[in-house]
Amino acid sequence: MSSATIPPQFEIVDQPLDTQMTISMGPQHPSTHGVLRLELVLDGEMVVKATPDIGYLHTGMEKLFEYKKYQQGIVITDRMDYLNPLGNNLAYVMAGEKLLGLEIPERAQVIRVLMCELQRIASHLVWLGTHALDIGAMTVFFYCFREREKIMNLIEAASGGRLTPSYFRIGGLMMDLPAGFEHRCKQFLDHFLKAVDEFHTLLSGNRIFQRRTQGIGKISAEDAIDWGLSGPCLRGSGINLDIRRANPYSGYENYDFEVPTEPDGDVWARYMVRMRELKESHKIATQALARLQPGPVKADAPKVVLPDREAMKSHMDALIHHFLIVAEGFDVPAGEVYQPIEASKGELGVYMKSDGGPKPNRVHFRGPSFVNLSALPVMSEGEMVADIVAIIGSLDVVLGEIDR
Amino acid sequence: MGLENVIAEALPEVLTTRLDSLINWARKSSLWPATFGLACCAIEMMNATTSRNDLARFGAEVFRASPRQADVMIVSGRVSRKMAPVLRRIYDQMPEPKWVISMGACATSGGVFDNYAIVQGVDKIVPVDVYIPGCPPRPEMLIHAVMMLQDKVMKESVRDRRDIPEEEAREAVVPGTLPVTDGSTARQNTLPESRPYTIASRHERRRSS
Amino acid sequence: MQEQPSVSETTPSPLVTALQHEHPEWIGEVIYAFGETTIIVPREHLVAACSFLKTWPEGHFNFLADICGADRGVEEEPRFEVNYHLFSTTKYHRVRLKVLLNEEDTHVPSVTGVWKTANWHERETFDMFGVIFDGHPDLRRILLPDDWQGHALRKDFPLRGYEPYSLK
Numbered sequence: 404m405s406s407a408t409i410p411p412q413f414e415i416v417d418q419p420l421d422t423q424m425t426i427s428m429g430p431q432h433p434s435t436h437g438v439l440r441l442e443l444v445l446d447g448e449m450v451v452k453a454t455p456d457i458g459y460l461h462t463g464m465e466k467l468f469e470y471k472k473y474q475q476g477i478v479i480t481d482r483m484d485y486l487n488p489l490g491n492n493l494a495y496v497m498a499g500e501k502l503l504g505l506e507i508p509e510r511a512q513v514i515r516v517l518m519c520e521l522q523r524i525a526s527h528l529v530w531l532g533t534h535a536l537d538i539g540a541m542t543v544f545f546y547c548f549r550e551r552e553k554i555m556n557l558i559e560a561a562s563g564g565r566l567t568p569s570y571f572r573i574g575g576l577m578m579d580l581p582a583g584f585e586h587r588c589k590q591f592l593d594h595f596l597k598a599v600d601e602f603h604t605l606l607s608g609n610r611i612f613q614r615r616t617q618g619i620g621k622i623s624a625e626d627a628i629d630w631g632l633s634g635p636c637l638r639g640s641g642i643n644l645d646i647r648r649a650n651p652y653s654g655y656e657n658y659d660f661e662v663p664t665e666p667d668g669d670v671w672a673r674y675m676v677r678m679r680e681l682k683e684s685h686k687i688a689t690q691a692l693a694r695l696q697p698g699p700v701k702a703d704a705p706k707v708v709l710p711d712r713e714a715m716k717s718h719m720d721a722l723i724h725h726f727l728i729v730a731e732g733f734d735v736p737a738g739e740v741y742q743p744i745e746a747s748k749g750e751l752g753v754y755m756k757s758d759g760g761p762k763p764n765r766v767h768f769r770g771p772s773f774v775n776l777s778a779l780p781v782m783s784e785g786e787m788v789a790d791i792v793a794i795i796g797s798l799d800v801v802l803g804e805i806d807r
Numbered sequence: 126m127g128l129e130n131v132i133a134e135a136l137p138e139v140l141t142t143r144l145d146s147l148i149n150w151a152r153k154s155s156l157w158p159a160t161f162g163l164a165c166c167a168i169e170m171m172n173a174t175t176s177r178n179d180l181a182r183f184g185a186e187v188f189r190a191s192p193r194q195a196d197v198m199i200v201s202g203r204v205s206r207k208m209a210p211v212l213r214r215i216y217d218q219m220p221e222p223k224w225v226i227s228m229g230a231c232a233t234s235g236g237v238f239d240n241y242a243i244v245q246g247v248d249k250i251v252p253v254d255v256y257i258p259g260c261p262p263r264p265e266m267l268i269h270a271v272m273m274l275q276d277k278v279m280k281e282s283v284r285d286r287r288d289i290p291e292e293e294a295r296e297a298v299v300p301g302t303l304p305v306t307d308g309s310t311a312r313q314n315t316l317p318e319s320r321p322y323t324i325a326s327r328h329e330r331r332r333s334s
Numbered sequence: 089m090q091e092q093p094s095v096s097e098t099t100p101s102p103l104v105t106a107l108q109h110e111h112p113e114w115i116g117e118v119i120y121a122f123g124e125t126t127i128i129v130p131r132e133h134l135v136a137a138c139s140f141l142k143t144w145p146e147g148h149f150n151f152l153a154d155i156c157g158a159d160r161g162v163e164e165e166p167r168f169e170v171n172y173h174l175f176s177t178t179k180y181h182r183v184r185l186k187v188l189l190n191e192e193d194t195h196v197p198s199v200t201g202v203w204k205t206a207n208w209h210e211r212e213t214f215d216m217f218g219v220i221f222d223g224h225p226d227l228r229r230i231l232l233p234d235d236w237q238g239h240a241l242r243k244d245f246p247l248r249g250y251e252p253y254s255l256k
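Chains as they are written, first to last, in our numbering: chain A, 404 to 807; chain B, 126 to 334; chain C, 89 to 256.
In short, the hints are calculated from the structure, not lab data.
Calculated cross-link-like contacts (lysine to aspartate or glutamate; reagent style EDC-like; alpha-carbon spacing at most 20 Å):
id	chain 1	residue 1	chain 2	residue 2
1	A	K762	C	D244
2	C	K204	A	E625
3	A	K501	A	D703
Let the hints inform the model, and build the full structure from the sequences given.
Right, here's the structure in full:
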């Protein structure tokens, strides 16, 4: 018998035997993809009620933005959805450009599309690896991360950071692509389709995987829209909605790609949508790579965009602009914008409100994982406890984005 | 665990060199981490376990989900105020000997986030053995930290890591300090007094001699 | 930098004209800026306007993208605003509804009856600003710990909080 005494605030009430019990899954749990806590009310093995309890990674980022100049805030956006940092960067930077009314040069837009699609592939690879790992297929984890290392090499070559690149700036890019990047990118893209086929060979025909994912976690199309789902979760329920098609940005209207949808609305449908999205992203990236033409990568706005280092070292006005931008920041016209993009998880929206100064008045990120997770109770009530893990995996939640 | 308690109680003055070397070698070669990935550093920790940077060749083969079966807790990511008591409770559940690696700038000192929501350094909650800077640190840095921890483990004495009951453990370990080894092994520490938390690794010592 | 159209000097969009024709009392003020339309709605007509916009064939705003609170400043009157970002999955257009609130009376009717996704967004706005949504099924803190004092995103809440963390 242990000598531990139960602290006074937990009193024991004599209750008749009951098949229902409330357990807390998380926040430290190998399969919750981060610090998520789920309060599950179980009747035997069946989930009667599932309530997500979030906030274990709340970082106060939205308050931090108000204390940092616009360029300094880009670094913080990397840490939000840390599997898709370039997407976060893009949304924040485009909101700033909308407020300032900047024209982004063509080469910068093409590189943005290329990097965002590579980042989307990387994010989906982590999803696939961890989803399969939770369901029990450990090998896929290693295959996916092997492919992801190649993408991270490319992103590191361009920006210096594997996981937190901060590559985009308000007005264009941090700097141009390094020499040899296009060749290495092409090597990766040439090989990647075979890798996707490898993943299909490992998982899609596997009867165990199919039994664990088909018919589980269904959500209907009307419910999906009402609960605000977006991205692959919405497209897995049959709704053909992609922000790259609905409100195109950064030149996406010029690329030829399909928007995959599946009608069923279960875990298998979301899996198939993301696997097909891997191939579509590959298509877009190949087109972007072919479309690259030499040109400037920063907008022509000397008071907003940092000048090139060479220009700064040789011209006086560039030096003065560099100093003022770094030391005091640039003033952004007063107003508010909402800039949505299609991140790898859904609609990532940035609401940016400026009061005319160098620091934003309010920045709010509409994280797709935040909204997708709110639909978890709808998907999981009535399912068995073992299926909750599959459903969380199929929602592809990242707690950094949920808790901000 | 049992052996150390028996030795320490029965033969307090006995020098335990050979036993120390053997036990420390066994401990350092199979440091099993507890999964405590919080944020972005957790992804780099996952990268450290995959095929390109393979942490398993250093002994960290299995990441145990239950803290009761783990040796080292790698705190990777920012610790928010809501999560801090959970972290302490997980640390308390780990049996001795246990070590903590604080991975990344946020776990070490709050990182970029100097605000109301983030605890400014996990050493305010648990005692830390190795700190890794970086945001996020490369997987190679995590491997280096594990190797540094292994060197540190080799210097300990069996009598320093007794398993003590939980209430005593909670009071004894004041946050911000480390459990002290009294250097009772034959291999003496040659550290300057002003840097108590850095252990010169085998490579650095070889370079200076 | 291109010129931005100023408040209500450009031709209003057909959507707003049609809405003004049907229900003029719902529209407090319309702002066109940066290619976006913002309609300031008085608080008492909010739920009616939202349900109308959701089912109205010309609008069909069936997707609530975001509810975002903002604190204009400690001395501003009205102090708080709540923005509703609406999107239509069939017509692909967006609109922003804005409700202005004074500091003493931060009550807003909840729109969880119109779009279920408003549930968590309203909880977050309550958590960060202290705006109370009447009729919300479960209004409690979502991101900050349950026993937290104060509302974090208000302008008078200090960045570093009130005291450093200690285990006690």
